[in-house]
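Novice: Here is how the chains run, residue by residue.
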Amino acid sequence: MANRGGPAQRPNPQTQGKICQFKLVLLGESAVGKSSLVLRFVKGQFHEYQESTIGAAFLTQTVCLEDTTVKFEIWDTAGQERYHSLAPMYYRGAQAAIIVYDITNMDSFGRAKVWVKELQRQASPNIVIALAGNKADLANSRAVECEEAQTYADENGLLFMETSAKTAKNVNEIFLAIAKKLPKNEQASGAGSTNQGRRLQELDGSPKAAGNCCK
Amino acid sequence: MHGRLKVKTTKEQEEERRVKRAQKVKQYRLAYGRIVEKRQAGERDEEGLQISQQILEMIPDIHSLWNYRREIIEHLKESGSEDDLQRRLESERHLTETCLRANPKSYGAWHHRTWVMDSMPSPDWQREVALCTKFLNLDERNFHCWDYRRFVAARAALAPQQELSFTDDKIAVNFSNYSCWHYRSKLLPLVYPDPAGVRPVREDQHRHELELVQNAAFTDPNDQSAWFYQRWLLGRSQPAQAVTRALVSPGLCLVATARPAKARGLGLQLLLDSRPLDGRWRSADGQRCSSVWVFEPASPIPSPLPGDVAARFLDASGAEVDVALDVVADGSSAALNSVPAFGAPLSPALASVMMEELDACRQLLEFDPDSKWTLLTSVLLMQTIERQQFEAETVLTLDTLVELDYQRANYYKDLRSRLVLEYALERQRGDAVDLTRLSLTALYHAPLLALVKTLVLDDNHLRRPLPQLAALQCCETLSMDRNELVSLSGWGAMPNLRRLSLRGNALASVDSLAPLACCPRLRELDVRNNPVASVEALRSAVKAVLPGLGVLNGEPL
Amino acid sequence: MASANDLPSTCDVIVVGTGMTESILAAAASRVGKQVLHIDGNDYYGGLWASFNLDNLNKWVKDCENPENFASDPDDPNSDVKINNGEEFVFLQNQTSHISNIEVKWHIPKKLTETQVEQWSRKSQTSQEEKESSESDESKSPTEEHTLSRKHTNSESEKMPSVGFTRNGNWTQEDLMRDYRRFNIDLAPKLLFARGSLVELLISSNIARYTEFHAVTRVLTWLDGELNAVPCSRADVFATRHVSVVEKRMLMKLLTGCMDSDNLVQEFQGFESKTFLEYLKSKRLTAHLLHYVLYAIAMGTDTTPCMEGVERTQRFLNSLGRYGNTPFLWPMYGTGELPQAFCRLCAVFGGTYCLQHPAKALVVANERCVGVVSCGQRLMAEHVVMGIAQAPTQYLDGQQPSGISRGVFITNKSIMPSEKEPLTFLQFPPGPSHPNPVTVIEVGPSTHACPQGLFMVHMTCKQSKSAKEDLQEIASFLLTQEDVSPSDYDISTDNRSTQTSGQDPHHHHSEGASGSGDEAATVRTKPQVLWSMYFNCLETSKNSYSPNAPENVHLCSGPDLELDFEFSVQQAERLFKKMYPDLEFLPRAPDPEEIVIEGDTPEVVDEDGNSFEFDEEVQQPSS
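Residue numbers (UniProt numbering), protein chains in the order written: chain A, 1 to 215; chain B, 1 to 557; chain C, 1 to 623.
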């Protein structure tokens, strides 16, 4: 059954100030609930037997901070991580990442650590990384202690929360925490700014789509 | 199965869009109705701001809503502190920005922003400059934004040099940009004024600008904006004020000037032996601003005149300038009738640049013989460089243009008339001037004809009203046979006109002759070969309209 | 490592190799609902189309030099996989056989001497201290002998001075290797025409959102022994000071003439069987203009037929003004990103990806391929798609393919420094010593091709001898290839280091230059080559496949000589139509807003994501 929970913060049309767009990638072993987290965040939904993420290239969702609207462009792995064949293109230029593990599965935590290393080596140096111990609703089958993960996160400068896509615990919170930590200046405003590349669009090279931080 | 991702069909999406649109329309109607109510009730409050904002965010170009917001803010200002006003206007500024982001050409939003910034207790002009730059980077031809930038630049007291280099950048991106060239024409005289006051800008910079335009012209001769700018560059600067014609005689005293001016600014005086004559000046055409002024002396002009007769006027700087008149041998009158100076003198350096420009035009014409902007430019260049040398080519080129560019034919014909007349007036300076068969469509430089007694304008294409004839204060005989006159309305008052020949025009009714009543001394009129000539009982009808007439169509009345 | 047994044993399409055409096909099949299994024996995407960092490139070079080391199927297929009656195994080739004549060379010292390090640190101490204080948030790397330069090793930030900059351009091998991850070196560098078929496909299929591009900033040509900026857009023509105004008119008139489709027939009457050169001569173009149009804009040669030249000119001009001042785009992180983008779409629609999974053989029965043997598993499919590099030799037409000569150079500055970081396309015209034009692409740090302070020059031409022989001369026109010895970095004789300091833009920036590509005509010092690589690669785009191949095996060509990806896109589309004649080729993938999840009632949200708080606010006051 589809559990409907409250949707994430809706953008407020009255918001003053700038809008910044960021690319956020999800990483982690298969079946730790990466897509479920996104669905909970973006659509406020949870499906017990979620099919893998066919057709969802990426989803977008907006978070409102005091003076800034942060628009997340959330990339899902599309299952390419399954045989350790995730394309480097996936995390190119990502400004934020959520590395997800399953608190009932120690291996998935080990795999998460590998991803942290990989990102620290390959991704942009300013990337904001959050570690999410998902399936917090299954705490009675816990295999990874919260303290252990917290310590690891602290040592590596990661945001950390235990989340549950099913109960919505900490889902909005973790995205919000990332939004707060992201730099909001012009240079950091994601795809489209001058030193970044440009996306190709239908609107014949009209440069209007560029420069998301219209301060 | 739940949780499977599915793509909405086009139909579903269309339906969603339709529902959304319908909702929006509903909301808009509701909100707008509420605004009208509130405005009628004179409610100027926060709610009004809120509702109008919601509409404007959807449709930014509703002027009455912007006006309403202005009224509200003006009203609320009275009860709030300066900080309140600043905050309110900042949020207002933000609203216009939101609207402009959606529609960068919203006139209403730009206009409102101008007001907002001017009303703000502590405006941040640099921020506005940056905003303009941003919008112009997105669309370098957004003329609303150019207008706003000029406003901002003035308020922020930006260095013209800095703005000029901004236009450099924009021109480099795309030179088809009227707004940008125009802004340039405003900035250049500030940055590089011409010390001689002859050119629009200092000579070296002038040269640079001409090269710039030439590059644009050769890249794309069909782009009008660059040519438009070039015309500003080549445009003859306004001639300095001068007395071009003067007459002092017992019957008539007058002065004609190079440019029309008001009596006060002109400060005209007539001097006999350096003593100003007492009397009153009135303009020949009855306008406050005129080029021909008639002097009505308080006491009769002495005869014979003394040897020293002069006219005095004030130049642009307000200094008195005296011009001596030539007194005729018997002392009965004194006059000034010098050779007119058309076009300012060129320095050799500038002349050679212009010559290069002209050569370039000729080369361009080899590629595109029909390029009208190139043809027109070559005319302007020839006129600027050396008028005398290019008389025939000028006329020929203008004739070509008339053929090529039908839509602007009248413009070329008038230009041609002016230039042809200038050539003629350089040659003829006597009491009688003959301008027969010059294809004139307009009568320029009439003030230079102020002393002429006999003027022949036969076989031209004059058609429009001729108020400028009022300048011909001395003219006794005027012939305009075989022109295209349809009516004589607006005919200028010619106090000394005695004989007028209008044979072979298109005058149809006796009424059309009535304006000639402004010429009190008219005795002889010839309207043969006009439709009016076959009007029944012509003679009595004319007599009724022009009672002073003695001879009509060669026969006494 | 996941076990190979996890792979689905049957699917609709197996794609072997992640080259460009293969990846487009994989995406197209997956997009229309086919189950796609995409495998590649390499541990990277792209095959011969890949982009590597410096370390991975070295590995690739080693593999090519020693093909026997090349990752091969660990399992003997015959031991695990049974051949059924009537079946036979047709073994695949190793793709590195397509690479030959590899020569890699360092032109700089391994490291600086102790004295030099000391000198440099003393000299740049003061300025460095300032910089360091403003960058104190940087994570400190372990310090070795190059404390000053190592600082930025992990940084991608563009504003920071690069390693080389801080040491005034005295690069060492260690410097480059330390930054090895910041290189993206393309095996098959290509530009995209802004209105070329790949750009259109990326947009129409909605794959464009996965990739980012930089517009090429300038088109250069080699004329009279010098580099020249080619005025190619209207703005360029307007701004250039290298041609007279009359030439400007000639050029614009010629170009507009080529674009004026209404009068094309009339304009080119009588030139149908003549060369483009003859046509241009008939237009009385000056030598400069003729060169610009023929060699740079039409990218032709003296023998290019007239109508082909016109077509090429049209293609160039049509692509102008869409994304920048030139007709070309370059993908961020290199061309190796493009196959990955198609693979991602394939995965998004359910395709399964498995790298390091070599295919050993095809299973063929009754002249049909029934599947692939890989890692001891039989993988069955309706269709098998594979790169020609791996195709069994008996499936090829036996015709010896022609070759491509490639040169890659890491340099210490641009071939023609400019105010803003340039991205250059240069088609080197054929000359007496090199019968074929050479395509030169120079990319800089902002494309992530290399670290700050460096540039990467790619050269490509048709092979006639070895890559080095084919390209060395052109390389020497543009670059200094002599080795730098450690003593050249002696601070007391500072000549070379200031020349190579990357500060040239300021010297060359003449007053009033407005980015038009006009550089002061001063004598330039050529960039120093720090590292170079030459290799040859087979050009298989002209090859056809013998009728021996089963009709459900689809072979995809490797990188071709042309500048753009036209060939791959067309080949992919053609093969797709052969596989699925009735299905649409890469229809637009939906945007996030268009996706619903079953069991979910769609809520009405407007384009900006605003739900309608509006209603209530408006209605409140009136109630």
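FYI, nobody ran anything at the bench for these hints, they're computed from the structure. Keep in mind that the hints are not guaranteed to be accurate.
Stated by the list, open to error - Straight-line C-alpha distance at most 30 angstroms; calculated DSS-like pairs for lysine-lysine:
1) Lys18/A - Lys20/B
2) Lys82/C - Lys110/C
3) Lys134/B - Lys420/C
4) Lys71/A - Lys77/B
5) Lys113/A - Lys43/A
6) Lys413/B - Lys184/A
Claimed, not checked - Per the computed footprint, the stretches of chain B lying under chain C, defined by three or more beta-carbons under 8 angstroms from a beta-carbon of chain C, are:
7) 244-257
8) 356-368
9) 496-503
What the hints assert, rightly or not - Sample of chain C residues with no beta-carbon within 10 angstroms of chain B, all distances over it, derived:
10) Asn56
11) Phe238
12) Ala239
13) Thr304
14) Glu367
15) Glu473
16) Ser476
17) Gln481
18) Glu482
19) Glu594
Where is the CB? At the ideal position from N, CA and C, for every residue including glycine.
Novice: Each hint needs a verdict: does it hold in this structure or not?
Specialist: Hints and how they fare:
no.	hint	in the structure
1	Lys18/A - Lys20/B	26 angstroms, holds
2	Lys82/C - Lys110/C	53 angstroms, violated
3	Lys134/B - Lys420/C	19 angstroms, holds
4	Lys71/A - Lys77/B	36 angstroms, violated
5	Lys113/A - Lys43/A	29 angstroms, holds
6	Lys413/B - Lys184/A	63 angstroms, violated
7	244-257	violated (count 0)
8	356-368	holds (count 5)
9	496-503	violated (count 0)
10	Asn56	35 angstroms, holds
11	Phe238	5 angstroms, violated
12	Ala239	5 angstroms, violated
13	Thr304	25 angstroms, holds
14	Glu367	39 angstroms, holds
15	Glu473	36 angstroms, holds
16	Ser476	35 angstroms, holds
17	Gln481	36 angstroms, holds
18	Glu482	39 angstroms, holds
19	Glu594	5 angstroms, violated
The earlier numbered hints that this structure contradicts are 2, 4, 6, 7, 9, 11, 12, 19.
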